[in-house]
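Protein sequence lines correspond, in order, to chains A and B.
Residue 415 in my numbering is what sits at position 128 of the first sequence, and the numbering runs on without skipping anything.
Residue 59 in my numbering is what sits at position 42 of the second sequence, and the numbering runs on without skipping anything.
Incorrect hints may appear among the rest.
Quick list of simulated restraints, FRET-style, between CB atoms [what the hints assert, rightly or not]:
| # | chain 1 | residue 1 | chain 2 | residue 2 | range |
| --- | --- | --- | --- | --- | --- |
| 1 | A | 350 | B | 125 | 54 to 64 Å |
| 2 | B | 178 | A | 372 | 31 to 41 Å |
| 3 | B | 240 | A | 372 | 38 to 48 Å |
Partner residues are not named here, just some residues of chain B that face chain A (Cβ under 7 Å, in silico) [what the hints assert, rightly or not]:
| # | residue |
| --- | --- |
| 4 | 28 |
| 5 | 29 |
| 6 | 93 |
| 7 | 95 |
| 8 | 101 |
| 9 | 105 |
| 10 | 118 |
| 11 | 119 |
| 12 | 239 |
| 13 | 317 |
These aren't lab readings, by the way, just hints derived from the structure by calculation.
Glycine included, each C-beta is placed from N, C-alpha and C at the ideal position.
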Amino acid sequence: MLVHDRFARWTVWGLFAALVLPLFLLPLGVIAAAAFSTSWSGVLPSGPTLDNFAGVTRGGSLEALRVSAVTAAVASLLALTAGTWAALVATSLRRRGRAVLDALFMLPVAVPTVVVGLALLVAFSRPPILLNGTQAIVVIAHTVLVTAFAYQSVSAALDRLDPVYSQVAASLGAKPARVLLQVRLPLLLPALGAAAGLCFALSMGELSATMMLYPPDWMPLPVRIFAATDRGALFSGAASALVLMATTLVVLLLLSRVRTRASFR
Amino acid sequence: MGIRFDHVSVAYGDTVVLDDLDLTVDPGGFTALLGPSGSGKTTALRAVAGFVRPASGRVLIGGRDVTDLPPYARGVGMVVQSYALFPHMRVDQNVAFGLRAQGVPRREVAGRVEEALGMTGMADYARRHPRELSGGQQQRVAISRALAIRPRVLLLDEPLSALDAQLRSDMLAELARLHRELPDVTVLYVTHDQSEALTLADRVAVLDRARLREHGTPRELYGRPRAAFTARFVGGANLLPARLTGGRVHCLGAVLDADPADLPPGASDGDDLRVCLRPHRVALGEAEHTLEGVVSDVQWRGSTHRVTALVGGHPVTAELRETPAPPEPGSTVTLGFTRRDAVLLTPEEAS
Numbered sequence: 288m289l290v291h292d293r294f295a296r297w298t299v300w301g302l303f304a305a306l307v308l309p310l311f312l313l314p315l316g317v318i319a320a321a322a323f324s325t326s327w328s329g330v331l332p333s334g335p336t337l338d339n340f341a342g343v344t345r346g347g348s349l350e351a352l353r354v355s356a357v358t359a360a361v362a363s364l365l366a367l368t369a370g371t372w373a374a375l376v377a378t379s380l381r382r383r384g385r386a387v388l389d390a391l392f393m394l395p396v397a398v399p400t401v402v403v404g405l406a407l408l409v410a411f412s413r414p415p416i417l418l419n420g421t422q423a424i425v426v427i428a429h430t431v432l433v434t435a436f437a438y439q440s441v442s443a444a445l446d447r448l449d450p451v452y453s454q455v456a457a458s459l460g461a462k463p464a465r466v467l468l469q470v471r472l473p474l475l476l477p478a479l480g481a482a483a484g485l486c487f488a489l490s491m492g493e494l495s496a497t498m499m500l501y502p503p504d505w506m507p508l509p510v511r512i513f514a515a516t517d518r519g520a521l522f523s524g525a526a527s528a529l530v531l532m533a534t535t536l537v538v539l540l541l542l543s544r545v546r547t548r549a550s551f552r
Numbered sequence: 018m019g020i021r022f023d024h025v026s027v028a029y030g031d032t033v034v035l036d037d038l039d040l041t042v043d044p045g046g047f048t049a050l051l052g053p054s055g056s057g058k059t060t061a062l063r064a065v066a067g068f069v070r071p072a073s074g075r076v077l078i079g080g081r082d083v084t085d086l087p088p089y090a091r092g093v094g095m096v097v098q099s100y101a102l103f104p105h106m107r108v109d110q111n112v113a114f115g116l117r118a119q120g121v122p123r124r125e126v127a128g129r130v131e132e133a134l135g136m137t138g139m140a141d142y143a144r145r146h147p148r149e150l151s152g153g154q155q156q157r158v159a160i161s162r163a164l165a166i167r168p169r170v171l172l173l174d175e176p177l178s179a180l181d182a183q184l185r186s187d188m189l190a191e192l193a194r195l196h197r198e199l200p201d202v203t204v205l206y207v208t209h210d211q212s213e214a215l216t217l218a219d220r221v222a223v224l225d226r227a228r229l230r231e232h233g234t235p236r237e238l239y240g241r242p243r244a245a246f247t248a249r250f251v252g253g254a255n256l257l258p259a260r261l262t263g264g265r266v267h268c269l270g271a272v273l274d275a276d277p278a279d280l281p282p283g284a285s286d287g288d289d290l291r292v293c294l295r296p297h298r299v300a301l302g303e304a305e306h307t308l309e310g311v312v313s314d315v316q317w318r319g320s321t322h323r324v325t326a327l328v329g330g331h332p333v334t335a336e337l338r339e340t341p342a343p344p345e346p347g348s349t350v351t352l353g354f355t356r357r358d359a360v361l362l363t364p365e366e367a368s
């Protein structure tokens, strides 16, 4: 603790609570409260019920959750593979090549997601590559959007990885493939876990690009939540949002367990 | 298998980090590359391992040109200062790594691992992870891992630098024993610590500012250094300004005979020279040659007193054993030495 004085310590905690509670926790709490209510006319929601969740299971929200989870899982896996591969290549490049690669992978982050969605729509709406209206285009869009984050977190971890491990492994007679699979990737596992969690969470919440691209048979949960609230079904939307939050959180917790087990030092 | 540096130069961009190194390590020899940081010694070792590519020159191992071979094809064992044990593998898996990589038959691996760990006394720790070991134990495992592949060349890069003094002296003895037990293994040992080099190596190559300054047995380098840098870096020495006049050497008031064989090559009348004197070869009182000075500093070092006197403005250090009454700072002393202990050198080039 950097603050030693008792009074000062309480003040700092108070300030922290005053900033964090309304900004982060309160909105989430409101969604949770709304998910269990039928009406909200006073200060607090009223009419406690579980019917909203019955709506989740009945109204296709579970199917939307499955679509979201599959999309996020596939997109994260693709992004992690591409991002890791690119990061590995980047470390072996000279300064200029590395700068080019860094800039390339920054693009999807710098460009608004709506523009990325539009770009994919325009690019793949006519032959030779016709993907408009397919499930694949949603997955591709998510992959494009999250690869940048995978690339960045893996290359940050690679920068911190002491090259001496690979060198000693090579001196012991290990060819590059063996060094990669048995030394470098295991040492990167914590970073890969973190990157996977980040990609998954981002993909689970993606709305703007998805809105432009999703076909009727592949509607992810955020789109469904948006549609519900748009037509005034606030409480069932809140229930779906809570389910989305809980699922993402569970996956992140599982991934962080992998991560702690993988961090050896 | 011997190692040969055939005029090897290494440069990063415009910076030359190793300049025309020409050096041969005999098969089964133990050569130390000794030098301060930035002298190029680690670069030389990395050139043998294959981690840097020489800008010019060739590296040969056992007479075979390995300059263009990738590191994994060179068959050298390597131990680094940070140990670099793979943290996600147990000790036995670390040692087995090289054996698996080299395609040693599965049924032989366990025996070879046990043998390698036995050599460093680490057999009882096979099932532990590196993080559960102390620094010294990790270093032993790293040595076992390098020896398991039965390399004919072993590269040691400052292997003792991360250990504390007591452990370092234990490991020094251990390394000397391993070298005796494995006479076929050629060792290249990089260090900045002259005592490690003098203790372990049968040949020492002194590097400074990317160049090889001197190469010889520890005894030659210590007793008869040919370069002022070597004299200073190996063992510490007084380097006193002197001038060659009329066939004799005039040094801070003392006049020394100079047999042509004692003079550095190329020295001629009127040249500036340096007289190299080891501090423990300088005594108080009358002797064959004497220097008059004023004591500026006295340090007690347990078994010795280290007395520094200014002779004509130039500090001269004497290491005196068991002196009951060391001179007081400010007093005038006579420092004596014999001609035999003085080595004549050319002055160091300015950096």
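Legend entry - Violating hint indices (sorted, rising): 3, 4, 5, 12 and 13
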